[in-house]
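K.L.:
Listed in order, the protein sequences are those of chains A and B. Each residue of the first sequence is one higher than the last, beginning at 1 in this note's numbering. Each residue of the second sequence is one higher than the last, beginning at 1001 in this note's numbering.
No lab work stands behind these hints: they were computed from the structure. The structure displayed is predicted, hence computed values, not measured ones. In this text, a Cβ means the ideal position worked out from N, Cα and C, and glycines have one as well. Worth double-checking, as some hints may not be accurate.
As the list claims (entries may be wrong) - Cut-off 30 Å, straight-line C-alpha distance, at most; resulting in silico cross-link-like pairs (DSBU-like, lysine-lysine):
no. : chain 1 : residue 1 : chain 2 : residue 2
1   : A       : Lys3      : B       : Lys1125
2   : A       : Lys3      : B       : Lys1005
3   : B       : Lys1005   : A       : Lys247
4   : B       : Lys1016   : A       : Lys5
5   : B       : Lys1247   : B       : Lys1093
6   : B       : Lys1003   : B       : Lys1321
7   : B       : Lys1369   : A       : Lys62
8   : A       : Lys161    : B       : Lys1246
Unchecked claim - Quick list of the computed label-pair ranges, beta carbon to beta carbon:
no. : chain 1 : residue 1 : chain 2 : residue 2 : range
9   : B       : Lys1125   : A       : Gly404    : 33 to 39 Å
10  : A       : Asp354    : B       : Leu1251   : 45 to 51 Å
11  : B       : Pro1200   : A       : Lys3      : 19 to 25 Å
12  : A       : Pro42     : B       : Glu1406   : 46 to 52 Å
13  : A       : Leu251    : B       : Leu1034   : 56 to 62 Å
14  : B       : Val1058   : A       : Lys3      : 34 to 40 Å
Protein chains: 2
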Amino acid sequence: MEKTKILLDEDEMPRKWYNVQADLPTPLDPPLDLGTGEPVGPEALAPIFPMELIKQEVSQEKWIPIPEEVLDIYRLWRPTPLYRALRLEKALKTPAKIYYNWEGVSPPGSHKPNTAVAQAYYNMKEGVERIATETGAGQWGSALSFGTCLFGLECMVYMVKISYEQKPYRKVMIETWGANVLPSPTNTTNAGRQILERDPECTGSLGIAISEAIEDAATHENTKYALGSVLNHVLLHQTIQGLECKKQFELIDQYPDVIYGCVGGGSNFAGLFLPFMGDKLRGEKPDLQITSCEPMACPTLTKGLYTYDSGDVAMLTPLIKMYTLGHDFVPPPIHAGGLRYHGDAPILCKLTHDGFMDAVAYHQTEVFKAAITFAQAEGIIVAPETAHCVKAVIDEALRCKETGEEKVILFANSGHGHFDLAAYDAYHNGKLVDYEYPVELIKQSLAKVPKIE
Amino acid sequence: MEKTKILLDEDEMPRKWYNVQADLPTPLDPPLDLGTGEPVGPEALAPIFPMELIKQEVSQEKWIPIPEEVLDIYRLWRPTPLYRALRLEKALKTPAKIYYNWEGVSPPGSHKPNTAVAQAYYNMKEGVERIATETGAGQWGSALSFGTCLFGLECMVYMVKISYEQKPYRKVMIETWGANVLPSPTNTTNAGRQILERDPECTGSLGIAISEAIEDAATHENTKYALGSVLNHVLLHQTIQGLECKKQFELIDQYPDVIYGCVGGGSNFAGLFLPFMGDKLRGEKPDLQITSCEPMACPTLTKGLYTYDSGDVAMLTPLIKMYTLGHDFVPPPIHAGGLRYHGDAPILCKLTHDGFMDAVAYHQTEVFKAAITFAQAEGIIVAPETAHCVKAVIDEALRCKETGEEKVILFANSGHGHFDLAAYDAYHNGKLVDYEYPVELIKQSLAKVPKIE
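Chain A on its own, in the form it takes in the complex (with noise of 0.2 Å):
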């Protein structure tokens, strides 16, 4: 009988980070200083990253030991499970195998702890004793708050102040773990008040919420600044996800045929479907079809520009070279907040540039109608975020039976929707919305992009 979840045991868990560096047939493209057009040394990072992650982000080393410290807070939760969705299956009526790997199980509930326990761990080797970073809903604060705890370092937690508001919850765990949060803009920080003198009601964004943290971390002794998306060390601490996959198809002797995730910044799915890149780009597996799922809300990797662009509204951190729709695009308000990101990984962005993904788009109507079929048939209630690669899966499913094709089918189930129940309250009642895609906002956006080249 077909199993349905393929468990590892804690001692099998994969003891280093693949880092696809290693393995591009052509270098990235390297950061840029905005006022020079220089690329940027790691000199520049170092105010607000601890020395090991800077060396990582620019690491050609195909391996990186993950440290023992880091391997223990992984057990708490890892390895995850990968889950054959055969009630999905049987509900389709598809010949398709379908798999996905739950991070849900983790404490926060997302992958999100992946590279936080990491990041964590190497601030607090290097002596730094207090962290400050930025969260929109809540996703990655508590995942930075949750690691921090762990490893004894202090947390701030600059929290975009409509969510801190409307969505209450996530702050509570913030908190629970110990860590500090406040609502963005603040009137600690000189970019918080300026926003607050001309805008006192201001309800904050994602890049006023940037703009505090890193001005806390180079003002404040022994702290540092964490990024949970986008940057390369963060997508090799995710690699641990695709590593564990690996093991698990191996068991049972199979490989994927396509592999699906969601990209926002483009770390989780990075995470998931890197170590199984390494062997496409190594010729081993040509066929293998790589795809990543957004909302057309905030079309990036559709219908982005790729360039070089800042990675916040500011213009605060380096020129880096990827998809954008420019550094000042604000998406419409979908429920997927963790995808209204103006830009994507460059790692993520140089794959899908070159040729070896693609990139769909989806309403968020569609995807919540996704997730109800799939929380009908598997039980899991999954973000709204996960839930636009669940529509892909389910549309894939549904070729394979009109072709007949037994395709197996990966997708990265990056977390639980159980703070996200107001959206799917919305989808039951018919209040849910769809934006069309904002093909002025675009334009003007792109237009403000820095002229590089």
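Once you've looked at the hints, dock chain B against the given chain A.
P.N.:
Quick look at chain B alone, frame taken from chain A:
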């Protein structure tokens, strides 16, 4: 190196539930008819329960096979991991070994689906097409809607109105799995209409919701009623927990010295301890200590009377022998809504009365303090109900630190607190209040217990 999690493969899942009635030194006292005072036969329950569950209720067979279709659903999250709380032990500097089985990995997030799935299955097998039930804060309603969804049954949930309005997320979960949910009192039943005529603004109670659900089942075709705790067949289904735990302890060559769990109706804790209790009843483990943890605000086992009483406010159920605070006792509004029942499962009550186990009671602020210690050591944010036994475990571990005893402690980690973060918020902000042990209220409600002997 010590493992953090002891896992079983799904092939190692127990195939039979354990029925402690076969091992009891003296039989359970039978339920009695309120009018005649005579024992109630199975036929009295036939209008509201399927025959197989009525048989299980009175069965003296030691082992009851788990149907394959139920095992198939259990595989979605079972076997659950047995955790060793290494980080909590270290934080407490205790020589004790602390273990817990983690039921929060089920899609509804608690132990409740262990019986919800079984009950939905037996109803489906007997041609029932629709199940009615009540729910307070929504734990049971969401578990039953999950179970009925997977077996293609309709489900009607009467949810206490104040919870429906103040805690809408469990309601959305129930709807996501396809069930109907109405705020009780409704105007769709006689019981509900009578209440609303007297008090149109009534915010509902579990007692009213039970009356509505039983009336619904009795007046709709092909509809039965389902109860989420207290009854013998519910405890039976929950023994899958303890049976898995015993196998996991065998794998590491350990056996608990003391077992703790929180008790509302008692099915969760009994599900964990009964297979171990069997060893004690057979004289194999005479020194095993089993302790129920309950709230000081609803101290059924520590302050109640062991006598025949009704299971519900409206006295619709037969009289059952149990510890009771009186069937119309309404406890103070503590956050652990699942521990506010006036009685307890007859099996657990008899074992307590006969001296095979004991009980302790706690105030809620000390309980939340323990839960936060646990969250900061182990990562998991537990439900307020579960937090009661976490308090007992931490106290026991600290006693072991004094005495140097290397006791093996096991506790029932029955579910996550993702929908209870408002209570954690109240704790963080110093707004959590402790309620005096309600002596006068209990005296008044005990005076109304029917006199039977």
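K.L.:
Does each hint hold? Answer for all of them.
P.N.:
Here's how the hints hold up against the structure:
As the CA atoms of Lys3/A and Lys1125/B are separated by approximately 24 Å, the hinted pair is consistent with the 30 Å bound. For the suggested pair Lys3/A and Lys1005/B, the alpha carbons sit about 20 Å apart, so the restraint of at most 30 Å is met. For a cut-off of 30 Å, the pair hint linking Lys1005/B to Lys247/A stands: about 19 Å separates their Cα positions. Straight-line distance between C-alpha atoms of Lys1016/B and Lys5/A comes to about 21 Å, which keeps the hinted pair within the 30 Å bound.
Proximity of Lys1247/B to Lys1093/B is assessed by CA-CA distance (about 28 Å); at most 30 Å being required, the pair is judged to hold. A hinted pair counts as satisfied when its Cα atoms are at most 30 Å apart, and Lys1003/B with Lys1321/B does not qualify at roughly 43 Å. Proximity of Lys1369/B to Lys62/A is assessed by CA-CA distance (about 45 Å); at most 30 Å being required, the pair is judged violated. Straight-line distance between C-alpha atoms of Lys161/A and Lys1246/B comes to about 48 Å, which puts the hinted pair past the 30 Å bound.
For Lys1125/B and Gly404/A, the Cβ-Cβ distance of about 34 Å falls inside the hinted range of 33 to 39 Å, so the restraint holds. Distance hint check for Asp354/A and Leu1251/B: the Cβ-Cβ separation is about 48 Å, which falls inside the suggested range of 45 to 51 Å. At roughly 54 Å, the beta-carbon separation of Pro1200/B and Lys3/A lies outside the given 19 to 25 Å, and the hint is violated. Judged by the Cβ atoms, the range 46 to 52 Å given for Pro42/A and Glu1406/B holds: they are separated by roughly 49 Å.
In this structure, Leu251/A and Leu1034/B meet the distance hint of 56 to 62 Å, their C-beta atoms being roughly 58 Å apart. About 36 Å separates the C-beta atoms of Val1058/B and Lys3/A, a value consistent with the hinted range of 34 to 40 Å.
Violation of the numbered hints given earlier is confined to hints 6, 7, 8 and 11; the remaining hints are satisfied by the structure.
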